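There are 2 protein chains.
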Amino acid sequence: MRIFKIGLLLLSITMFGQEDEKVLKKIYNTSLSDGMSYAWLDHLSNKIGSRLSGSVGAQKAVEYTQSELVKLGLDRVWLQPVMVPKWVRGEKETAYFESAGKRYELNICALGGSVATPQEGLRGQVIEVQGIQEMKSLEADQIRGKIVFFNRAMEETLIQTFQAYGGCVDQRYAGAMEAGRLGALGVIVRSPNLRLDDFPHTGSMTYGDLPVDQRIPSAAISTNDAEMLSAYLKKDKGLQLGFHQQCIQMEDVESYNVIGEITGSEYPNEFIIVGGHLDSWDLGDGSHDDGAGVVQSMEVLRLLSMQESKPKRSIRVVLFMNEENGLRGGKKYAEEAKMNNENHVMALESDAGGFTPRGFSFDCSDEEFAQVKSWEPLFKPYLIHYFEKGGSGADIGPLKSEGMVLAGLRPDSQRYFDYHHAANDTFDAVNKRELELGAATMTSLIYLYDKYGTAKKMTLPVKN
Amino acid sequence: MRIFKIGLLLLSITMFGQEDEKVLKKIYNTSLSDGMSYAWLDHLSNKIGSRLSGSVGAQKAVEYTQSELVKLGLDRVWLQPVMVPKWVRGEKETAYFESAGKRYELNICALGGSVATPQEGLRGQVIEVQGIQEMKSLEADQIRGKIVFFNRAMEETLIQTFQAYGGCVDQRYAGAMEAGRLGALGVIVRSPNLRLDDFPHTGSMTYGDLPVDQRIPSAAISTNDAEMLSAYLKKDKGLQLGFHQQCIQMEDVESYNVIGEITGSEYPNEFIIVGGHLDSWDLGDGSHDDGAGVVQSMEVLRLLSMQESKPKRSIRVVLFMNEENGLRGGKKYAEEAKMNNENHVMALESDAGGFTPRGFSFDCSDEEFAQVKSWEPLFKPYLIHYFEKGGSGADIGPLKSEGMVLAGLRPDSQRYFDYHHAANDTFDAVNKRELELGAATMTSLIYLYDKYGTAKKMTLPVKN
Chain E
1 MRIFKIGLLL
11 LSITMFGQED
21 EKVLKKIYNT
31 SLSDGMSYAW
41 LDHLSNKIGS
51 RLSGSVGAQK
61 AVEYTQSELV
71 KLGLDRVWLQ
81 PVMVPKWVRG
91 EKETAYFESA
101 GKRYELNICA
111 LGGSVATPQE
121 GLRGQVIEVQ
131 GIQEMKSLEA
141 DQIRGKIVFF
151 NRAMEETLIQ
161 TFQAYGGCVD
171 QRYAGAMEAG
181 RLGALGVIVR
191 SPNLRLDDFP
201 HTGSMTYGDL
211 PVDQRIPSAA
221 ISTNDAEMLS
231 AYLKKDKGLQ
241 LGFHQQCIQM
251 EDVESYNVIG
261 EITGSEYPNE
271 FIIVGGHLDS
281 WDLGDGSHDD
291 GAGVVQSMEV
301 LRLLSMQESK
311 PKRSIRVVLF
321 MNEENGLRGG
331 KKYAEEAKMN
341 NENHVMALES
351 DAGGFTPRGF
361 SFDCSDEEFA
371 QVKSWEPLFK
381 PYLIHYFEKG
391 GSGADIGPLK
401 SEGMVLAGLR
411 PDSQRYFDYH
421 HAANDTFDAV
431 NKRELELGAA
441 TMTSLIYLYD
451 KYGTAKKMTL
461 PVKN
Chain F
1 MRIFKIGLLL
11 LSITMFGQED
21 EKVLKKIYNT
31 SLSDGMSYAW
41 LDHLSNKIGS
51 RLSGSVGAQK
61 AVEYTQSELV
71 KLGLDRVWLQ
81 PVMVPKWVRG
91 EKETAYFESA
101 GKRYELNICA
111 LGGSVATPQE
121 GLRGQVIEVQ
131 GIQEMKSLEA
141 DQIRGKIVFF
151 NRAMEETLIQ
161 TFQAYGGCVD
171 QRYAGAMEAG
181 RLGALGVIVR
191 SPNLRLDDFP
201 HTGSMTYGDL
211 PVDQRIPSAA
221 ISTNDAEMLS
231 AYLKKDKGLQ
241 LGFHQQCIQM
251 EDVESYNVIG
261 EITGSEYPNE
271 FIIVGGHLDS
281 WDLGDGSHDD
291 GAGVVQSMEV
301 LRLLSMQESK
311 PKRSIRVVLF
321 MNEENGLRGG
331 KKYAEEAKMN
341 NENHVMALES
351 DAGGFTPRGF
361 SFDCSDEEFA
371 QVKSWEPLFK
381 PYLIHYFEKG
391 GSGADIGPLK
401 SEGMVLAGLR
411 PDSQRYFDYH
421 HAANDTFDAV
431 NKRELELGAA
441 TMTSLIYLYD
451 KYGTAKKMTL
461 PVKN
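Protein chains in written order, with our numbering: chain E, 1 to 464; chain F, 1 to 464.
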């Protein structure tokens, strides 16, 4: 059946002025021709490197970004103390399997938060499952004493790769907890990566409230190795897999969120925040996750400082600590904001990589969403087309309150999981222009929210 | 002054059916989960390599793509002979400059079509200019006997990088011709690359009808080296630059456009074509330029072959020879189409890299453009937002006639000039998913044009 659809009559109200077009042009031009984000990322990635919570790198990153924010001449720059978990990977992990007398090495890494294997390593038969549900459907003796191999791949037909990630990350996060409950020996997870390559991808996992004696080691192997292991298992169900990791969960240590503020000239008690997370996993240097978000957020305040008039509302950059394995920084910031009765009206996070920005996703009311949709035409010259309702960012999530606008930058996501939490998440994987376009896109949104306020408390335009 | 703009009342007519949504979904799913484009590109790039017109690689690419099209079981596959220029780079070029007794090596490559330097190389004083216009404004003796260094950079504030390329490519294409006329010794051009790196980028140049004795050697140096040379010239106007290249323009040789066709079931005499160019420059393996466009175009016919019903119009894939240094393939195809009175209604080219597709640009009438704009909503789930009037592709340009629709795939362009015509345009720079998304996007557009026809001769929907 062929049908013709006749679209709706659409009344579009665009609430912005020609002056705004000029301001956005200047913001993009400055970011692309005289930006700081790439140089900052170079330092963060190449001079400091990985920044796992509680590590020396994380501490150096706190000091470096604090000192760079001070140089910008903001009204206030400070550190917000927060206790964070400290997990240490220890010596490089090893793994192999043996089939028909031959030994095959595997590219492996411990999952963040996992316990170690015994000193001599762990060895056993493997049971492959496509997820937690399939594992639970098996007989007890199919799991007990075995190494459970979670091999559900990311769904490649999904256009937005974060959806594909969401569809399989549960096996990484909770696989060991559930398998431990069933008496498994250990857990091996296929790395959540859409590409076939040799990088194992780490990431957080939990044991929940599982008794300590049921906590089993869990690790990720590369997608190529997951394919190989699965192929060998089809021929040899009895093959033996061994792995060795010496990671340790230590006592919590003190760390910091790094915060900088331009105090609002008209509504200093209305807060707009922009941020990313300062911590990273320990395998690469965390350039995409989330060095990019950190330097883009810093650039937002720098670019706003360069505007002719000071922001009306108080704009804060918040560089959150411990997004990766605890979210302690995000929780702490929200807790103190509440305690101090701070009125946060809008928050934006960049934590999806430093790729070409496509737009934003918004967690807000319909009224608020209508306002931001009205700004779409302003962004079109910069090829920013994506304005949709959806999630925002993990760190700003705890701030959520009625009437507030939470937003997440949405860069192109096709290559993100090639690098995510792996040793190849390094500076050379970030393109300067793509990073700078993201910073300019974020700055433009914050500029508009500062100028007009959120829809709920919109600043009515006055002739002047 | 702040103003509020009230938008227009907009009547949008969407001319497509729910069936189309299902077809597009299937096209994208198949391309992403069971596509051939990446495997074809792997062969073209890694087994064959570079494909400069008249080279062994170009001939192998003709044979390979022909045989792959035959395997698809198309109605017709044939080679269209075309005479092409044959230019050979010869041994690796060298260059240096000397200042204050020190020697600095430069990363250099001859421009395609350039003459060689004398056997012993060429050496002289350098005059830096920002373009042809500036050169022409100088006194004759400032140019005569000198090496002209064209150092105009791509404009980094332009969002669409092809515009930035368009703004400086004249110095590469015509710089040597104009400088030769003024008695210069040679020409060095800054590579058109938005990034600072060490890769020299080749590309076509012309001497026009300049007498042979005025034809001077021209070459490109990397952006890092252009910056270095310019900095040294500021301190030492008398510095000496030398370069050596042994390229040769040979006699034209016979080559081929590779063409495959699915003959239309209802309107076999209406032709829709999709293509890219089979030749590439010789420094990398031409994966982005234009291996990507070649395999995506082949994939369009494969994906259309897999549809339930045969296309109504005749769909041709045309793999053009010699886009890079002559456009002979494009001209030949158009010439024969005209001679045979073939009615070409629509043509699509992919020649802007294998990056995430953003949409299309259309060279067509307002009436035709209104039709394709009505299809936009169908593409939104695939994050295809860009439908604008503009250029299409060099190879399909000669086909242009009134009433015809010419279109170009528009992928994300931020990284394209990092690789364009340089040694790093290799297979590893192409992401599988991005390539596949492009192929699916192209297939979807061709599917719609086949089903509905162009606006001028739209197939009226019938109830069945």
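To be clear, the hints were calculated from the coordinates, so they are not data collected in a lab.
Be careful, since some hints might not be right.
For identical chains, the list gives no copy identity; a pair is met inside one copy or between any two copies.
What the hints assert, rightly or not - List time: in silico EDC-like cross-link candidates among lysine to aspartate or glutamate, alpha-carbon distance up to 16 angstroms:
#, residue 1, residue 2
1, Lys-22, Asp-197
2, Lys-310, Asp-20
3, Lys-456, Glu-367
4, Lys-22, Asp-198
5, Lys-92, Asp-34
6, Lys-234, Glu-128
7, Lys-310, Glu-266
8, Lys-456, Glu-139
Small disclaimer: the values here were computed from a predicted structure and weren't measured.
Checked hints:
1. Lys-22 - Asp-197: neither (45 angstroms within a copy, 32 angstroms between copies)
2. Lys-310 - Asp-20: within (15 angstroms within a copy, 51 angstroms between copies)
3. Lys-456 - Glu-367: The answer is within: 8 angstroms in one copy meets 16 angstroms, while 42 angstroms across copies does not.
4. Lys-22 - Asp-198: neither (47 angstroms within a copy, 35 angstroms between copies)
5. Lys-92 - Asp-34: neither (41 angstroms within a copy, 36 angstroms between copies)
6. Lys-234 - Glu-128: within (10 angstroms within a copy, 66 angstroms between copies)
7. Lys-310 - Glu-266: Classified as within; 9 angstroms inside a copy, 65 angstroms across copies.
8. Lys-456 - Glu-139: The answer is neither: 56 angstroms in one copy and 65 angstroms across copies each exceed 16 angstroms.
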